[in-house]
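Residue numbers (our numbering), protein chains in the order written: chain X, 1 to 179; chain B, 1 to 353; chain D, 1 to 250.
Don't take every hint at face value.
[As the list claims (entries may be wrong)] Covered stretches of chain X, going by a simulated chain B footprint (3 or more residues, C-beta under 8 Å):
| no. | segment |
| --- | --- |
| 1 | 124-133 |
| 2 | 166-177 |
[Unchecked claim] Below, computed lysine-lysine pairings styled on DSSO-like, alpha-carbon distance capped at 30 Å:
| no. | chain 1 | residue 1 | chain 2 | residue 2 |
| --- | --- | --- | --- | --- |
| 3 | X | K160 | X | K81 |
| 4 | B | K214 | X | K160 |
| 5 | B | K188 | B | K214 |
| 6 | D | K9 | B | K202 |
| 7 | D | K7 | B | K202 |
| 8 | D | K247 | B | K42 |
No lab work stands behind these hints, which were simulated from the structure alone. Note that the Cβ used here is the ideal one computed from N, Cα and C, for glycine as well.
Residues per chain, in single letters:
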Amino acid sequence: MKTTQILIAGFGGQGILFSGKFLAYKGLMEDYQVSWLPSYGPEMRGGTANCNVIISESPVGSPIITTPDVLIAMNTPSLQKYVDTVVSGGQIYVDSSLIDVKVERKDVEAFYIPATQMAKDAGITTLANMIIVGHLLENHPELSFDGTADVVEKLVPPKKAALKELNIKALNMGKDYKN
Amino acid sequence: MAERILMKGNEAIAEAAIRAGCRHYFGYPITPQTEIAAYMAKKMPKIGGVFLQAESEIASINMVYGASAAGMRVMTSSSSPGISLKTEGLSYIAGSDVPALVVNVQRGGPGLGGIQPSQSDYFQAVKGGGHGDYRMIVLAPASVQEMASLTIKGFDLADKYCMTSMILADGTIGQMMEPIVFEDEEPKTYEKPWALTGTECKRPHNIINSLYLKPDELEKKNFERYEKYKLVEENEPMWEEYMMEDAEICVVAFGIASRVAKNAVVAARNEGIKVGLIRPITLWPFPKEAISAAADKVKSFVSVELNMGQMIEDVRLYSQCKKPVALCNRTGGMIPSPDQVLESIHKAEKGEF
Amino acid sequence: MATVFEKPKSLTNAPFHYCPGCPHGIIHRLVAEVMDELGIEGKAIGVAPVGCAVMAYDYFACDMIEAPHGRAPAVATGIKRCRPENVVFTYQGDGDLASIGMAETVHSAARNENITVIFVNNAIYGMTGGQMAPTSLPGQVTQTSPYGRDVNHCGWPIKVSEMLATLEGPEYIARVAVNNVKNVKNAKKAIKKAFENQIAGKGFSLVEVVSACPTNWGMTPEAALKWVESDMLPYYPIGVYKDRSAKEEE
Chain X
1 MKTTQILIAG FGGQGILFSG KFLAYKGLME DYQVSWLPSY GPEMRGGTAN
51 CNVIISESPV GSPIITTPDV LIAMNTPSLQ KYVDTVVSGG QIYVDSSLID
101 VKVERKDVEA FYIPATQMAK DAGITTLANM IIVGHLLENH PELSFDGTAD
151 VVEKLVPPKK AALKELNIKA LNMGKDYKN
Chain B
1 MAERILMKGN EAIAEAAIRA GCRHYFGYPI TPQTEIAAYM AKKMPKIGGV
51 FLQAESEIAS INMVYGASAA GMRVMTSSSS PGISLKTEGL SYIAGSDVPA
101 LVVNVQRGGP GLGGIQPSQS DYFQAVKGGG HGDYRMIVLA PASVQEMASL
151 TIKGFDLADK YCMTSMILAD GTIGQMMEPI VFEDEEPKTY EKPWALTGTE
201 CKRPHNIINS LYLKPDELEK KNFERYEKYK LVEENEPMWE EYMMEDAEIC
251 VVAFGIASRV AKNAVVAARN EGIKVGLIRP ITLWPFPKEA ISAAADKVKS
301 FVSVELNMGQ MIEDVRLYSQ CKKPVALCNR TGGMIPSPDQ VLESIHKAEK
351 GEF
Chain D
1 MATVFEKPKS LTNAPFHYCP GCPHGIIHRL VAEVMDELGI EGKAIGVAPV
51 GCAVMAYDYF ACDMIEAPHG RAPAVATGIK RCRPENVVFT YQGDGDLASI
101 GMAETVHSAA RNENITVIFV NNAIYGMTGG QMAPTSLPGQ VTQTSPYGRD
151 VNHCGWPIKV SEMLATLEGP EYIARVAVNN VKNVKNAKKA IKKAFENQIA
201 GKGFSLVEVV SACPTNWGMT PEAALKWVES DMLPYYPIGV YKDRSAKEEE
């Protein structure tokens, strides 16, 4: 049975929870069992935020991730906090425009994506998270890049319809980024 | 089959309540259950229901008392400190034999405690909380799907037995999202001839009351009520057994703790340790039968809890202390890791208690 | 032979348990007469308090519920929100309404909850045997203010009607008394208006009835009624403190 545990961590306001929701929905649409667990509390903006997403072929046991297969780090404290928890052979996605340290472990695969800078250059400042998610999908054929537009459609409320295209744009930028 | 959708545990409770025919919600904001109120505030006005934010938890449980006395399916939800405030009303509701659904999405205590997940209101829910001889049906969901199914079940049991059903969840199950399926089912309805509807001058007046100044009358009433509770204990215990067939160690855990424990059971099985899990779904009535049967065949128990050891007392009670029971716990909003549970299983296997 | 006087239909045959000279009997009767006159016995639902009137559920012939101490307006809110077509009233004393239940009182008034509240103010806790109430007068001797209510120590009595009248929410707030025939007649008019307001959907209507407690005041019934006149009414003046509809009509 295959289970992928994804930990996404960064500042509040970086869309941490949203990108987690996107991945959980993507998993759901690919007929996997999924769970999504946010950190919750008063630090909704500016504080730390993290989100646990599990995508599995079998029913999800504990939704709490202690040893992620995949870490998405959107700021330096998050990378430092979680780098050693990633399983051997796991993946770490680093927003290299915000984090200037490197992953020193040799038993994991590290991807450096200057997502925040790319987003800023493309005029989609708030969507760095989705650039990284796009890159992650490209590396995870079991989740498949196909159908991402349907997930975006489900997640972006009609009031913010303009954001749909931008999310898809960000996902594609991540997909096409060469590490 | 109906569509699988992703939903937060708290929202699943609210949606399930509406599907169960609940059209009246009274509550007061408190983390980590506020999504329930928010969902109700949005939905109720659109379906001819009532959402009312009360001035306090005390007022909200009394609104529930009034609405239930009026014959309606009604609910409130809160988290630990708020439930403490509601216990006065819970005692009156019990003493008046009216149904109610009350949700406790637990957080750490005592006092103001914290806002992270906890199971430290086990005693309060299962052993009383309010004053007087009374019981509540206590349902402990371990998934978002169960947040919904046990809410519907809770309304039915409350109406059937004219008593409170409490959903004893925790911050994790409340905040997490999982796929959930809602089946299209008509809500069950129950006759409520005792309800306050106005006499229309056609029948003697109905009185909803918990005051009995004559001790023999109060005693009689309490004995009658415990006959009812006996029926609940006979008919309604629910639990899940996982890998118990050949188990030599029995892990007992409910809610979020049971999911962590399940991971540990799988890991231990991979090491060749014969371990299984009993997950109480009803905490009252407690699945005595399951624990008692396990006590005759396993070598030991491990009670996994997010508190200082509360359910463990019932595990000891219903296993009649035939086998040792170890406690594996975290508290204050911390959650044990599967590794911690595995370590407890290792110790139990070695006979270290 | 013509009937000139009878028990209101809205009262049961249960004999009152109230002390001799206690005006609760009068006030119950006024509420029942009003229910009869408005023909609402069959759709009324009453909420009894904790206090001397706790057993009001045995006396009123309509459907009744007994609320936890102070929570009657919350219980009434729950009922009324479920059954807006019914007429819902609470009957509460001063400890219940103005002390332990003040939050419920203020907030149901602020919401203009469409209920009728009968508030019996006799400046003392009767049921528990004569302790200081939130409405006990300065200097008043009670079991828990044996040297007289010292306002520097335990604060001032609360003028509930005046206070609630400052809120935007409520429809009608009036204070009446039942210490003489004229006042009793006026009290009934106010109570009737408080029920009529609800039937017309106008909202929260509270009638504060200044009452007496001969037993716990340690007075004869007659002396107690005189004390109402000499001591209670100067501090708690009779009057209409809020009447939104009347004001709008002006």
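Hints, verified against the model:
1. 124-133: Violated - the segment 124-133 of chain X has 0 residues with a Cβ nearer than 8 Å to chain B, which falls short of three.
2. 166-177: violated (count 0)
3. X:K160 x X:K81: violated (34 Å)
4. B:K214 x X:K160: Answer violated: B:K214 to X:K160 is near 65 Å, above 30 Å.
5. B:K188 x B:K214: violated (37 Å)
6. D:K9 x B:K202: Roughly 13 Å between the alpha carbons, so the hint for D:K9 and B:K202 holds.
7. D:K7 x B:K202: Distance ~19 Å between D:K7 and B:K202 Cα, so the pair holds.
8. D:K247 x B:K42: violated (35 Å)
In terms of the numbered hints stated before, the structure departs from hints 1, 2, 3, 4, 5 and 8, listed from lowest to highest.
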